[in-house]
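> Our numbering numbers the first residue of the sequence shown as 1 and each following residue consecutively.
If you are wondering where the hints come from, they were derived from the structure by calculation, not from laboratory data.
Among the hints, a few may not be true.
Unchecked claim - As a list, the in silico DSSO-like pairs of lysine-lysine whose alpha-carbon atoms are at most 30 Å apart: (1) 255 to 353; (2) 409 to 321; (3) 409 to 57; (4) 387 to 312.
Said to hold, decoys possible - Cβ-Cβ distance ranges computed for the label pairs, FRET-style: (5) 396 to 375: 19 to 29 Å; (6) 404 to 134: 41 to 51 Å; (7) 404 to 335: 39 to 49 Å; (8) 391 to 188: 28 to 38 Å; (9) 331 to 98: 21 to 31 Å; (10) 98 to 213: 56 to 66 Å; (11) 360 to 250: 47 to 57 Å; (12) 250 to 169: 15 to 25 Å; (13) 41 to 213: 32 to 42 Å; (14) 95 to 369: 25 to 35 Å; (15) 404 to 170: 17 to 27 Å; (16) 375 to 284: 48 to 58 Å.
Owing to the predicted nature of the structure, the values given are computational and were not obtained by experimental measurement.
Here a beta-carbon is modelled for each residue, glycine too, at the ideal position from N, C-alpha and C.
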Amino acid sequence: MSRMGRGFALAALILSTAPQASLRDDAAQALKKAATFYRTQVARHGGYVYYTSLDLKDRWGEGKALPDQIFVQPPGTPTVGLAYLRAWQAGGDAFYLEAARETAEALVYGQLESGGWTQTINFGTDKRPAKYRGRPGGSWNTSSLDDGQTQTALRFLLLTDQALGFKHEKIHEAAIYGLHALLKAQFPNGAFPQVWSGPVEAKPILKASYPDYDWRTEGRIKNYWDLYTLNDGLAGTVLETLLVAHRVTGDARVKAAIEKLGDFLILAQMPEPQPGWCQQYTYEMKPAWARKFEPPALTAWEGQDVMRTLIKIHRFTGDKKYLEPLAKALAYYRKRVLPDGQVARYYELKTDKPLYMDDQYRLTYDDSSAPAHYGWKQSQRFDAIEKELQEGSKPVPRAAPPTEADVRKVLAALDDQGRWVSTYAGEGLVGQPRFAQGFAYLNSAVFSRNVEILSDYLAGVK
């Protein structure tokens, strides 16, 4: 190539990379601006809630938040903390690691004596003070796995501990204490309860079977939260935390806990002709009632979570026994798809009829008056699960990085104060806040998602 030709090629290369460099700079600046605003203006005591008014005076989680209260349940404190960690991993900027550290310290403050977390952490006075570890007073000592509370907090602490080189004594101690408490909350058969206040009692190891009583009117247990639980994706979120724990600590007990969880999911599969899963089980492994609108029944939503969890456990262990329940389960659930392409949350024991509640919380096969606060119908992902099953133990492909269009959309939505402002349009929101149409607010889920988009983009264009 002539000297002139090389010059033209170099000029073309510079021109082609200039827009990308400009977008990279814009993304980095926007990320810092947004994170600075959220960290310095939205945080309380290093923690977060779900939603915040634009004047920062009103805050919501599951209901209105107290002035000195933060929420542990996603998309609250640990969700935001995980986004900060992603930003730090993208470029190594200590600002984001410091933000993650502050968020982790807020969770350390609210760790219960029982080792996990409950829905909220209160830094001020409260009518029901929790028994925070290492702090005087308080009586509420119930660690919860409901809606990802303890498992998300613990996963974030473990990753932050690792990012800090295991040198932050309080974070490291809290992470290990929480992990050991989670392991002690696992039953001998591999199941977990929804909540615990100490090590669980050993129960006989049995396989799932049908109730030998009228489940409609009998068999209700007040403390259903102590039973074997799969509700709201508990198996998948607990597994995710255990996988992180094993990667961070290398503890052989964590590997055993993962295997035991898979063993329980095999035991919990109902017998033919309904080889699916239920939301919770008694200690005799009978499908059990939970809340008044959660009957003992086959469940398609949790069933999908169980199938994906078993596939992940197989990938971790290499043991094909964790795949054996899936073919018949997939065939069963595919036959349950409703005409609109969705699946019912519940299918009646032995009849497979879609099961709902009416507005008086009476069992019915008609969903026309089902209470709006609950997801009686759900999307189905059976094709995706089938694909994962066929791929078996192949390495999971990395998620596609954000496109430039994705990044530009996030940048365009950021205002001059560094806020991504959401406007309520009647959609369902976590916590079911009663916002008026058109209400403008800050959403921790939106903040975290956008931070991760920008971070993943920046990590890919270093």
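> Evaluate each hint against the coordinates.
For each hint, the structure was consulted:
1. 255 to 353: 39 Å, violated
2. 409 to 321: The given pair, whose Cα atoms are some 45 Å apart, is violated under the 30 Å limit.
3. 409 to 57: 28 Å, holds
4. 387 to 312: 13 Å, holds
5. 396 to 375: 19 to 29 Å: 27 Å, holds
6. 404 to 134: 41 to 51 Å: Holds: the Cβ-Cβ distance is about 48 Å, inside 41 to 51 Å.
7. 404 to 335: 39 to 49 Å: Given range 39 to 49 Å: holds, Cβ gap about 43 Å.
8. 391 to 188: 28 to 38 Å: 32 Å, holds
9. 331 to 98: 21 to 31 Å: At 51 Å between Cβs, range violated.
10. 98 to 213: 56 to 66 Å: Since the Cβ atoms of residue 98 and residue 213 sit about 57 Å apart, the hinted range of 56 to 66 Å holds.
11. 360 to 250: 47 to 57 Å: The hinted range 47 to 57 Å holds for residue 360 and residue 250, with Cβ atoms some 53 Å apart.
12. 250 to 169: 15 to 25 Å: Holds, since residue 250 and residue 169 (Cβ atoms, about 20 Å apart) stay within the stated range.
13. 41 to 213: 32 to 42 Å: 56 Å, violated
14. 95 to 369: 25 to 35 Å: Since residue 95 and residue 369 have Cβ atoms about 52 Å apart, the given range 25 to 35 Å is violated.
15. 404 to 170: 17 to 27 Å: 41 Å, violated
16. 375 to 284: 48 to 58 Å: This hint is violated: roughly 28 Å between Cβ atoms.
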